[in-house]
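Visitor: These are the residues of each chain, in order.
2 protein chains.
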Amino acid sequence: MTINQISQVAIVGGTHGNELIGVYLVKKFKQFPDLIKRPSFEALILLANLRAFEAGRRYLETDLNRCFDIQDLENPMLIQYEQLLAKVIYQQLQESQVDFLIDLHSSTANMGLTILLGNDHPFNLHLAAYLSSINPSVKVLQTEATQKNNRLRSVCELGITIEVGPISQGVLDATLFQKTEKLITVILDYLEQWNQNQTPNSPNTLTLYYPLESIDFPRNEAGEVVGMIHPSLEGNDYLALNPGDQMFVNFDDSVVVYQGKTTVYPVFINESAYWEKGIAMYLTSKQELNILNQ
Amino acid sequence: MTINQISQVAIVGGTHGNELIGVYLVKKFKQFPDLIKRPSFEALILLANLRAFEAGRRYLETDLNRCFDIQDLENPMLIQYEQLLAKVIYQQLQESQVDFLIDLHSSTANMGLTILLGNDHPFNLHLAAYLSSINPSVKVLQTEATQKNNRLRSVCELGITIEVGPISQGVLDATLFQKTEKLITVILDYLEQWNQNQTPNSPNTLTLYYPLESIDFPRNEAGEVVGMIHPSLEGNDYLALNPGDQMFVNFDDSVVVYQGKTTVYPVFINESAYWEKGIAMYLTSKQELNILNQ
Chain U
207 MTINQISQVA IVGGTHGNEL IGVYLVKKFK QFPDLIKRPS FEALILLANL RAFEAGRRYL
267 ETDLNRCFDI QDLENPMLIQ YEQLLAKVIY QQLQESQVDF LIDLHSSTAN MGLTILLGND
327 HPFNLHLAAY LSSINPSVKV LQTEATQKNN RLRSVCELGI TIEVGPISQG VLDATLFQKT
387 EKLITVILDY LEQWNQNQTP NSPNTLTLYY PLESIDFPRN EAGEVVGMIH PSLEGNDYLA
447 LNPGDQMFVN FDDSVVVYQG KTTVYPVFIN ESAYWEKGIA MYLTSKQELN ILNQ
Chain R
207 MTINQISQVA IVGGTHGNEL IGVYLVKKFK QFPDLIKRPS FEALILLANL RAFEAGRRYL
267 ETDLNRCFDI QDLENPMLIQ YEQLLAKVIY QQLQESQVDF LIDLHSSTAN MGLTILLGND
327 HPFNLHLAAY LSSINPSVKV LQTEATQKNN RLRSVCELGI TIEVGPISQG VLDATLFQKT
387 EKLITVILDY LEQWNQNQTP NSPNTLTLYY PLESIDFPRN EAGEVVGMIH PSLEGNDYLA
447 LNPGDQMFVN FDDSVVVYQG KTTVYPVFIN ESAYWEKGIA MYLTSKQELN ILNQ
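Chains as they are written, first to last, in the working numbering: chain U, 207 to 500; chain R, 207 to 500.
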């Protein structure tokens with residue numbers, strides 16, 4: 207693969223204002239800049255949605271992390287608060303010539319330490335393989351095929367989103383905070399080594415989870431939720447869900463089982479922010495990708 | 207103790223719009239009214255703050271569960287949304303002549319199944335003792351001394367708040383949902399037996415936790431949070447915190463230890479909704495109360 211040196215890194219927290227690990231890591235890095243300083247590149251930090259953070263909410267008017275479609279950024283009719291904010295952030299990142307971006311998120315689902323990839327660039331794949339090789343609990347979710355390119359991380363070809371959980375909105379969890387910080391440190395070290403032509407070896411294969419479809423909660427004819435994640439599925443992100451396994455328990459005590467024909471791996475199970483989007487979980491497939499020649 | 211029959215019970219959910227267990231239990235009871243029907247009393251159900259629920263927020267303008275001080279209810283100058291809503295709910299509960307009230311809450315803290323008492327009425331104490339005797343995981347928190355009488359449950363002398371956790375705001379958890387429903391069922395059965403002069407025996411003593419003080423997060427001079435609950439304290443609600451035990455880990459990696467001279471029992475550790483109130487936890491004392499002659 208031919209890419210230039212990484213000269214400018216951006217670390218973004220608070221893209222969602224109530225996901226506090228990212229917000230406070232950015233605050234920490236601002237206070238202790240040596241933590242993200244490396245000889246061969248600059249690292250800028252950004253608290254993306256300060257007003258949403260101050261309001262204790264994911265966003266004020268619309269989800270900032272759905273506002274980065276290039277056509278939307280160029281559409282002068284889109285003037286909600288986060289739509290304007292996205293245009294300004296995009297401009298800022300372009301002017302800074304950011305060539306690697308880390309966007310920090312957290313989830314009420316049991317996502318552990320998840321790397322979200324928005325494309326299949328070999329650089330990102332090798333980095334993800336390296337991260338999961340030195341910490342087997344790191345999972346890698348490839349969202350390219352199922353998402354519009356409207357996420358903040360899509361601004362930059364190289365880069366990842368870090369999604370950690372489970373953690374409630376509006377709180378910090380020291381253990382997850384420290385694990386996330388450690389992951390960022392390892393990424394920055396990897397970028398430094400890349401620039402020095404001393405990139406550490408990564409495995410030849412990478413376990414990737416590919417979203418297949420989203421599943422909504424059971425609802426009645428009025429659209430109201432009438433069931434919950436079944437206790438046997440709660441917290442089982444990245445574990446196998448087999449045909450006939452229990453998915454939901456309804457308020458009338460009936461049970462909804464998984465009707466599919468193949469084993470899938472649910473993620474974002476019971477993510478609070480996805481209720482409004484009609485998503486109780488995503489089903490993914492698990493695949494080993496050979497990245498030797500990529 | 208001399209109280210009349212319980213003729214009218216109220217079960218309230220959604221006093222905080224993003225505490226979904228209460229909201230959906232109320233919806234369930236509306237759909238299946240037989241679940242709360244008993245021969246000797248009526249049970250009305252109330253989704254207190256529907257608009258906050260629809261907005262996915264604790265409240266729209268101010269915390270509804272701080273609006274029930276009788277002087278505030280009578281103050282015509284208080285016209286924020288929840289202040290008006292409190293006046294209307296108070297009127298409704300008065301007109302219905304409610305004589306026992308259950309208010310349903312949830313917490314991001316590891317509160318398990320907690321009974322919150324707002325006064326020391328013997329009826330409430332005996333009920334709490336009964337509930338904790340048949341389910342030893344039930345904890346009883348006596349908030350009378352430390353809270354203004356501005357909670358919804360203060361509208362009615364007899365009654366309790368149920369506080370369950372840990373659960374993120376804006377989601378359901380089937381296991382906690384079912385445990386909460388079971389607790390309500392036991393309470394309604396107890397009230398029925400009381401009315402039939404067949405009140406089940408409760409123990410002579412009751413373990414009560416009394417809030418002593420609230421503890422804020424470590425902050426800098428600008429008022430910003432600069433530390434988190436220490437991992438060794440996270441989730442340890444109702445467990446002993448001894449002098450010298452770790453409480454917070456700061457972003458500079460320094461640790462704050464408990465400086466008090468006596469063992470205390472923290473509760474509401476890392477409750478998301480209390481960040482804005484400057485409360486990282488409450489410290490409580492644990493006491494055995496003899497209720498034989500009460």
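By construction, these hints were calculated from the structure, which means they are not laboratory data.
Possibly wrong hints are sitting among the right ones.
Note: identical chains are not told apart, hence a pair may lie in one copy or across any two.
Result set (DSS-like, lysine-lysine): computed pairs, CA atoms no more than 30 angstroms apart in a straight line [unchecked claim]:
1) K293 - K467
2) K293 - K492
3) K483 - K385
4) K492 - K234
5) K243 - K354
6) K467 - K236
7) K483 - K236
8) K234 - K467
9) K492 - K236
Just so it is clear, the structure is predicted and the values come from calculations on it, not from any experiment.
Visitor: Which earlier hints turn out false for this structure, listed by number in ascending order?
Guide: Failing hints, ascending: 1, 2, 4, 5, 6, 8, 9.
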